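Peer 1: Those protein sequences? They're chains A and B, same order as listed. Residue numbering for the first sequence follows our numbering, beginning at 1 and increasing consecutively. Residue numbering for the second sequence follows our numbering, beginning at 1 and increasing consecutively.
Since no wrong hints were added, every one of them can be taken at face value.
It does not matter which identical chain is meant; a pair holds if it fits inside one copy or across any two.
Only pairs whose alpha carbons sit at most 25 Å apart, straight line, appear in this in silico SDA-like list of lysine to any residue:
(1) 280 - 155
(2) 42 - 63
(3) 128 - 208
(4) 346 - 316
(5) 281 - 373
(6) 128 - 149
(7) 169 - 357
(8) 368 - 72
(9) 208 - 243
(10) 133 - 247
(11) 146 - 116
(12) 42 - 54
(13) 42 - 79
(14) 208 - 273
Rather than coming from a laboratory, the hints here were simulated on the basis of the structure. Fair warning: this is a prediction, and the values are worked out from it, not measured in the lab.
2 protein chains.
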Amino acid sequence: MTSYRKMTREEMQTEYASVARDFSSLKSRGLQLNMARGKPGKEQLDMVSEGLFHVFAAPEDFVSGGVDCRNYGELFGLASARRLFADVLGCKPEQVFMGGNASLQLMYDTISKAVTHGMLHSPRPWCKEEHVKWLCPAPGYDRHFKVTESFGFELITIPMTADGPDMDKVEEAVKDPAVKGMWNVPKYSNPQGIVYSAETIRRLASMKPAAPDFLLMWDNAYCIHELEGDFLPFPNILAECAEYGNADMVFEYASTSKITLPGAGVSCMAASEANLEYLKKLINVQIISYDKVNQQRHVLYLRDRAHLLELMRRHAAILAPKFRTVTNALDQEIAPLEIASWTHPKGGYFVSLDAMPGTAKRTLALCKEAGVTMTGAGATFPYGVDPQDSNIRIAPSLPPVEELREAIAVLCVCLRMSALEKLLGK
Amino acid sequence: MTSYRKMTREEMQTEYASVARDFSSLKSRGLQLNMARGKPGKEQLDMVSEGLFHVFAAPEDFVSGGVDCRNYGELFGLASARRLFADVLGCKPEQVFMGGNASLQLMYDTISKAVTHGMLHSPRPWCKEEHVKWLCPAPGYDRHFKVTESFGFELITIPMTADGPDMDKVEEAVKDPAVKGMWNVPKYSNPQGIVYSAETIRRLASMKPAAPDFLLMWDNAYCIHELEGDFLPFPNILAECAEYGNADMVFEYASTSKITLPGAGVSCMAASEANLEYLKKLINVQIISYDKVNQQRHVLYLRDRAHLLELMRRHAAILAPKFRTVTNALDQEIAPLEIASWTHPKGGYFVSLDAMPGTAKRTLALCKEAGVTMTGAGATFPYGVDPQDSNIRIAPSLPPVEELREAIAVLCVCLRMSALEKLLGK
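Make the full structure from the sequences, and use the hints.
Peer 2: Below is the structure:
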């Protein structure tokens, strides 16, 4: 295989004809494959449901620390659940608030309350501010960006580096008092799988934003989600921030969506005691407590941190071959052509691919034509617009390996076709 | 027993000495009883959990209408769950949105979105309005009032009549464009157990509020919660409103908190297709879907409307004796004294008692002293202030009958004591 960069125009035209034939042939197969979202596969769901739904045997199983989890009460959730998550996140149980089936909802609600009521150190509710700006490391998680876009904030793109967000740019941006917060996926970032370096975390934890109510949103979605190798420890961001006098700046989120079941797990929010005390008054108006039966079910099933990490190794055993299918295909089929680069993540749920600038949309349109659904082009950037039209998020978790192999073959052909079109000026 | 109204001052003083002795004796028993909140009792929880947590036997049980309820997707919830609730509420499945474990959260979120984004017919988000006012039929549900108070709305008390809210006052109030909505518990209202009359419902459904985005909040919390007698049919408020050209004015809420488990059930919101289409765009940013495994669990357990009503009869068999314990004690111990009046509800979760004006706070303080916790005085009025200091909400559902008997005996003594204090000018 020759790099497209080194081909003559004629060679490219020959190659294009060949690739177009491959594409037609793939298209005629009428495939229906999906690599769009980070959905766990059926094998993972079955593995979990075997145990998760059989933990309640006797009436006593519904009682936790003297609390009947089936009745009203306990706004912050079961003490046992708070302890379990504190153990995972490295913070104190008193700093953990148990949510419902979606950490996204907790994040949305935190920001919604900042808008309607203001946070602990807000001079006023954000709806009374002239203008609110928000930092979005990109490529990043589309649902994060949409939350802050939905509230009308101005989204400011912060480039990602191999160590996390570009901290020079962040430190400059937070001098503006209108900049009220920032999204972060600190471990195995969505979509690149980047792990924030210790230095990046130190700089984030120690910054002094002009806004007194700056929200460092810390979505630790993949905190124990290794694909390969041993568990990678991560710092307790609450303690890091506290060390620099920023105890109330950070809100951390986690969930079991990719530990037990997506959409039927439990989530939590960790924050300083002062922040939780403030929010308690607001959340108490909204809900009596999130589902404590599901919390108890999770505590009985997951038991403790060690048992949890063991479960994650079983997930990895299912997921790693899928990720290798994707990266191996790209390494073999695309690398020699020098038309794209991609990540080889050690954890998380995505492979991030940078296609030749100006070809991501076209590539994904071709994929769609051939029956392969991918995350929309641009989704990983604020407002859904990738200025380079280059980034493509690949979600290998849902399809069985056989289907993945087909889907990635389609993607490879589409990458080649769109690159040749670009190079040939078609 | 002689009416306190007919006693001489000396007779009252003798009676007071006797009641004070009774009170001391009760106090010395060191009771710890609770009639504060409408919590179902353990017998109800056990009855439900026997079946609810054993519905998943095979992996196929997680699939509903081709959807694996364990994975992401289906923002509006499982079609089967939407059908079940539509059947209960008498509306169309397309008008039902499935929520999480708390209808309160859905109500809060509806209003929160009105504040941050505005509703379908809002000229602007409510946070951009100078002033928002809200109608609160009272006595009413304290958590409703707190939601609208939390958002800074001005709460306007609407007196309750035997037929529901005083409609003359409502019709007058909605001429003010700042009046943006109204709370309702149309069947077995909290705390009085009042069922809105057909005429009240017609007047509500047909009113023409000045605010184009007026929200008729219809909390059908006790829609199938009979204590005595047959199921009482109720009108489909969505259709009623639509008939008068007000299809988008009403949002209805229901939950299984008092059908299956409080805090671990499922909730729903019913609204016009246009309203749901509008909200879909906003909710889609907040959550991928609420817990569909719990929805499926409920569908498999509750099956259909007939089976659901059968379950409600079993709840009633547990609850009715508790309510009779309360009302019988009041009928026997307090009625002859002419110092209070109370409801004899046919459904719902509360008995509402009106003590002699100016004595509710004192009565409840005495109860507390004697070890009986009740809903705080004033809680049933906006801002927690009962202008008459008279209304007391009794929640008989949680304690076993034996404890209830003790608790209500304490309440009777405290009612007598505070009435005598008042009459004697102490």
